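**Q** Each protein sequence line maps, in turn, to chains A and B. Heads up: the first sequence runs through residues 0 to 391, numbered per numbering that gives the first Met the number 0. Heads up: the second sequence runs through residues 0 to 158, numbered per numbering that gives the first Met the number 0.
A few of these clues could be false.
Below 25 angstroms or equal to it, Euclidean Cα-Cα: the simulated DSS-like pairs (lysine-lysine) are [stated by the list, open to error]:
(1) A/Lys144 to A/Lys259
(2) A/Lys296 to A/Lys311
(3) B/Lys141 to A/Lys318
(4) A/Lys48 to B/Lys141
Derived from the structure by calculation, the hints contain no laboratory data. Computed from a predicted model, the values in this text were never measured in an experiment.
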Amino acid sequence: MAKKETMTINMGPQHPSTHGVLQLVLELDGETVVNAVPHIGFLHRGVEKLAENRSYHRALPLTDRLDYLAPMSNNLGYVLTVEKLLGITDQIPERAKVVRVMMAELTRIKSHLVWLATHALDIGAMTVFLYCFREREQIMDMYEKLSGARMTSNYFRVGGLSLDLPEGFVDDVTSFIDDMPGHLDTYEGLLTGNKIWQKRTVGVAPISAEDAIDIGLTGPALRGSGVDWDLRRDNPYSGYEDYDFEVITRDGCDTFDRYKNRLDEMRESCKIIRQAVDKLQPGPILADVPDVCLPPKKDVVNSIEGLIHQFKIITEGFKPEPGEVYQGVEAPKGELGYYMISDGSANPFRMKIRPPSFVNLQALPKMVEGKLLADVIAAIGTLDIVLGEIDR
Amino acid sequence: MSQAVVAKLREAFSADVLDVKEYRGEVTVTVKKEEIVAICQFLKDEAGYNFLCDLCGVDYLGQQPRFMVVYNLYNITTKERLRVKVPVEEENPRVDTVSTVWSTANWPERECWDLMGISFNNHPDLRRILMAEGWVGHPLRKDYPLQGPDREPYQGRLS
Numbered sequence: 000m001a002k003k004e005t006m007t008i009n010m011g012p013q014h015p016s017t018h019g020v021l022q023l024v025l026e027l028d029g030e031t032v033v034n035a036v037p038h039i040g041f042l043h044r045g046v047e048k049l050a051e052n053r054s055y056h057r058a059l060p061l062t063d064r065l066d067y068l069a070p071m072s073n074n075l076g077y078v079l080t081v082e083k084l085l086g087i088t089d090q091i092p093e094r095a096k097v098v099r100v101m102m103a104e105l106t107r108i109k110s111h112l113v114w115l116a117t118h119a120l121d122i123g124a125m126t127v128f129l130y131c132f133r134e135r136e137q138i139m140d141m142y143e144k145l146s147g148a149r150m151t152s153n154y155f156r157v158g159g160l161s162l163d164l165p166e167g168f169v170d171d172v173t174s175f176i177d178d179m180p181g182h183l184d185t186y187e188g189l190l191t192g193n194k195i196w197q198k199r200t201v202g203v204a205p206i207s208a209e210d211a212i213d214i215g216l217t218g219p220a221l222r223g224s225g226v227d228w229d230l231r232r233d234n235p236y237s238g239y240e241d242y243d244f245e246v247i248t249r250d251g252c253d254t255f256d257r258y259k260n261r262l263d264e265m266r267e268s269c270k271i272i273r274q275a276v277d278k279l280q281p282g283p284i285l286a287d288v289p290d291v292c293l294p295p296k297k298d299v300v301n302s303i304e305g306l307i308h309q310f311k312i313i314t315e316g317f318k319p320e321p322g323e324v325y326q327g328v329e330a331p332k333g334e335l336g337y338y339m340i341s342d343g344s345a346n347p348f349r350m351k352i353r354p355p356s357f358v359n360l361q362a363l364p365k366m367v368e369g370k371l372l373a374d375v376i377a378a379i380g381t382l383d384i385v386l387g388e389i390d391r
Numbered sequence: 000m001s002q003a004v005v006a007k008l009r010e011a012f013s014a015d016v017l018d019v020k021e022y023r024g025e026v027t028v029t030v031k032k033e034e035i036v037a038i039c040q041f042l043k044d045e046a047g048y049n050f051l052c053d054l055c056g057v058d059y060l061g062q063q064p065r066f067m068v069v070y071n072l073y074n075i076t077t078k079e080r081l082r083v084k085v086p087v088e089e090e091n092p093r094v095d096t097v098s099t100v101w102s103t104a105n106w107p108e109r110e111c112w113d114l115m116g117i118s119f120n121n122h123p124d125l126r127r128i129l130m131a132e133g134w135v136g137h138p139l140r141k142d143y144p145l146q147g148p149d150r151e152p153y154q155g156r157l158s
């Protein structure tokens, strides 16, 4: 009998299908994966340490750079946490809440579009990539119109929003969500019934519901294993309880069902955005908490009181009373949680981020061991990881 | 509901529950570190906290005990959260691993070891995770310089 030998190969950190600087050490027996060990940390910037040395307003831009494909979801989690810490959650004006929901859902679509584009490209469907990026570009333009930046938006503020919606923005959003379901049908037309796509996804990278909960999967990946859990419905924040939407769950536990889940989630997001547009009423965009909220720009440039107010908040910051809170939001990739401790000073004493990708990536070895090497690519894609938030 | 869980916990582990606090609607239970695995198993089996959201270390430099390890738990059935904390002394920064209770704990515990220097007994794979292999020091400790070791402190403003 021939001696059985395994081969160890490195995949990444410079590899187009690892979606960033992820290194996988794979032990192979022929084409079968015996053992997979992810190595992360190549993009570690010490966001948590940096946040401890900045005031609350100034730590906000750090969060854009976590999951850079969904910056506004990160912003939302952060501002909600600080608001909870301050105890001003119920003072946030209605308009700010509605715009937050609208932008968070647009962000979800944006993030899912990159996921679909790269996932499809990785396993051989190239056309979808270009279509997805065409639609994503529209959302990027909206981002730019709104906040001035295409990726690092830094748009939400503790207490509300930094700016009101620009003229014509709502029309852009409406025309986008009018077209989006049609685009989604196009993607599905290219992929769902496609034999090659099905061969590459059905039954690939399976994980059972028990295993998924045990390993800590969240978001569309968990709902693809039949666990009906969505923070937007189950622990609503920012007024999500007033919106009518479905939580998409499928129990195939494989890459195909996770793919269908995310596509349907984009349809639900369009529904939520439409409701948000209908709810949008003129009104204040910042809470009336002068100790915390930065004054509107026109006050800062036109009155000495406004200038002093701005100066005081920027130089001193605000000081929440000592305490600790945890706030989770349903980010596109799963539960994004912030655990924040205040010691009564102007800086967060400790800010722990629970990035969904970090925990989801833990499931990778379980999903690929004993499977084919080619399925590793599909498994990385279906988990929808972003190294920016894994490494922080 | 969380109060009922706390009452149950007090009944089963009366000697080990050090403190119970409620702040902004969130319940935090501080327990002795010796019993953490048994308590986590109890919370998972008897109280339905089947999901470990997050695990992290906190450095209260200058206080006794210096560290806290914080477990944020979630119950997928009742959609409730509970926070469990254990104090850890500086002289012996070790806690038993809870990765036997929830597999999720594996990487967060590695991260806690890497960045905070709290090690976990019986952990299956306790290596650094974010910092490079062979790195000296634990960056999230309060006495670790922000600029990193052997560098001039930053002269500008940070906040």
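**Q** Now look at each hint and say whether the structure bears it out.
**A** Each hint, compared with the structure:
The straight-line distance between the Cα atoms of lysine 144 of chain A and lysine 259 of chain A is roughly 31 angstroms, outside the 25 angstroms bound, and the hint therefore fails. A distance of roughly 14 angstroms separates the Cα atoms of lysine 296 of chain A and lysine 311 of chain A; the hinted pair therefore holds under the 25 angstroms criterion. Simply put, lysine 141 of chain B and lysine 318 of chain A have alpha-carbon atoms about 20 angstroms apart, close enough for the 25 angstroms limit, and the pair holds. Of the supplied pair hints, the one linking lysine 48 of chain A and lysine 141 of chain B holds, its CA atoms being roughly 9 angstroms apart against a limit of 25 angstroms.
The structure shown violates just one earlier hint, number 1.
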